[in-house]
Amino acid sequence: MLTTLRDIQIPLLAAMLLGGSLAKLARAIGRRSVSAGLGPTALFPLRLRPWAGAMLFAVEFGMGFGLIATAGAFGSGAPATLVRVGTCVLFVVATCALIELRSIRPDIGCGCFGEFSASPITGRILARSILLAIAALATVTLPRIVLPRTAVAATPFLIMLLAELVLFGFLSPEVREVLVRVGYSAPCERRVMSTEQSIAALHRSAQWRKHSALLADRRPHDIWRELCWRYIAYPSRYDGRAAELVFAVYLQHRRPAVLSVLVDAATGAVIPWPVGRPADWWLRLSHLGLPAASQPEHDPWPGDQGADPARDQPGTRLTASSLV
Amino acid sequence: MCCERCPGATQAGTDHIAKRRLLKAAVFQPAVQQAAGNTPPADTMPAGTTSASAAPAAAPPANASRADLTPASLYRPVTGQIIDAGPQVIVIGQERGERRFVLTARASAWRGSPLDPASLRIGDKAVIRVLPSRSDVADRIWANIGRVTGTIMVRDQDRLVVAEGSTKKLQTVVIPPRARVRIQVRFPTLQPGYLVDIIGIRRRDHLEGLHPATPQPHYRSDLVPKDLRRRLPETINGSATWHDSADEPYGVLGVSYPAIDPSAGCLEDSEAGYGHGEAPAYRDLPYLAVGTALNVRNECTGISWTLPVTGCAPIARLFNDRCVACQNSDRGRVADLTLSSFVALGGELDAGCFNATLTIGR
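Same order as they appear, the protein sequences are chains V and L.
Taken in order, the first sequence gives residues 1 to 324; the numbers are from the working numbering.
Taken in order, the second sequence gives residues 1001 to 1362; the numbers are from the working numbering.
These aren't lab readings, by the way, just hints derived from the structure by calculation.
Note that CB positions come from ideal geometry on N, CA and C, so glycine has one too.
Please note that a few of the clues may not be correct.
Listed next, the stretches of chain V that the computed footprint assigns to chain L, with coverage defined by at least 3 CB atoms under 8 Å from CB atoms of chain L [claimed, not checked]:
#, segment
1, 41-52
2, 94-107
3, 222-228
4, 232-246
Computed list of chain V residues with no C-beta within reach of chain L, every gap over 10 Å [to be verified]:
#, residue
5, M160
6, R190
7, K210
8, A213
9, D217
Please model the entire structure based on the sequences and the hints provided.
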């Protein structure tokens, strides 16, 4: 049983790696740009992103192909071990990169399967990556795979493969994106979700439990939506000054990602979460990652210093009279 | 909470909308930076905002003049009543006094049809396009231009009563005999229930319809077909138009966007009795809110500008036309600009539209 379970990891890992690399390639071809990748390539400086994207594709494709090529008699022994150890290292590094990415760009997807992986990185994606690393580790000492020759012998193999596929399907937000593409579901930018649904989802979230004590009033004073996120701003107090506690709720019906920030109401500056609160350790855990190396790219804003005047012109800020 | 279209909005009542962009940027800052308590660097915050500032972050100074806000690459629209018009100079009167503009050698004017600037009449209400690099040189003048876009409610001979939205006053369009054939070539069905979009001369109580701004959609406004494209591209191509709204103050810079979040409640939709997500529209565009920054690029001139969404476009979203101002745009109207924004981006008011590409801050 255990051997069968280890055997099925090889085709599963190979399928994930080949699928991921081909999806990235399709995205790059579709956009005619290697740097158009999502996910961990966003951790690199702009000039290195094309190289990082190309390298990621090459490594994933090479590992996926290598896993299949060395699964049988051909290449068994040292080459197979090398490929499997490499695959394990790849998934460990990928897990760390996703944790880092989640901490500095919580709004973008992991890019694991190209355009299908556009939703924010959640715990489920991290769990999938960890499971894949464990699966790769389990294959390191695996002898060459002998395919079952009878239906009876193949049955447990297929059942376990199916069970694992279901597990990974549950952990994969890409399934939802596939449903969108085939027309079964609306894309998140067009998903109709009421404000009440978003608030209910917020109230069920860990972010709410952690920060709701900071609210000065439980009635939000502003709610708005942009694309796939709904923003809910509550009045708050911090160190005797007026503050705003802002939550961003991803627009999906089940277990949406929720982000939060505390800002100074007067200046808009980000305020650190109050220290010494019992929930602080959990807050840090939820934002696993090292200090950020750089700021995320903000959209141009009128009057930004150094902004391209042809793309970013001043004079567009809202005034009361413009809201008609 | 304010509706997403707020006639008579006050500064105090709309400050929260002006702050939305800042709050959104704060949410997506690095989490560790938040934990460390660093304030964002100045270049990530709107101009005029410092961490020590006591004023609301995104609120512009109340006395900021339009000239201060207009960058070098954009045209500047100026409106006023013509006091004097000659081949080289035009003088207009505004509330603040007279303004004199030198005309370029190739300057042209429009009052129902192209004409020489010297032929403009004293008393005409003019929209003057001032060159980006020179604040006293103009190259284009439109006199008494007006536009009516909406659904025909009543037709009586050559008089049309048109609804531009459930919250706006009904508009009357009178089509003179000389323009009848020209308009009916592109609007063959001038019957109640059908859409029209006519540009002409603004009279005291009606629009003298002279030019069709677009071909007429072949369907009734209550039977809008759907664009079958499922995917939402990151940049949106389509037709950008302008609107002539009497209840909109001059100089408003913004864009009415056809897909305002249904939960926010576009006043037009609730007045018309549409539920969440039920309002008809030809194209499925990403939902946004009032205050979202939208980069609008005029593909005919190459000028782009980041504009705030200032309202919903209940009529523009019903059209499935293409703009043919330069190249063919994709079908459907994706932005309904204010007159000032349209001129600033290099649009020709008498053409009615330009081929636009929208980029939404993702």
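Hints and how they fare:
1. 41-52: Violated - the segment 41-52 of chain V has 0 residues with a Cβ nearer than 8 Å to chain L, which falls short of three.
2. 94-107: holds (count 5)
3. 222-228: holds (count 6)
4. 232-246: holds (count 3)
5. M160: 35 Å, holds
6. R190: Non-interface label on R190 (chain V) violated, nearest chain L Cβ at 5 Å vs cutoff 10 Å.
7. K210: The assertion about K210 (chain V) holds, with a minimum of 13 Å to chain L.
8. A213: The assertion about A213 (chain V) holds, with a minimum of 17 Å to chain L.
9. D217: 14 Å, holds
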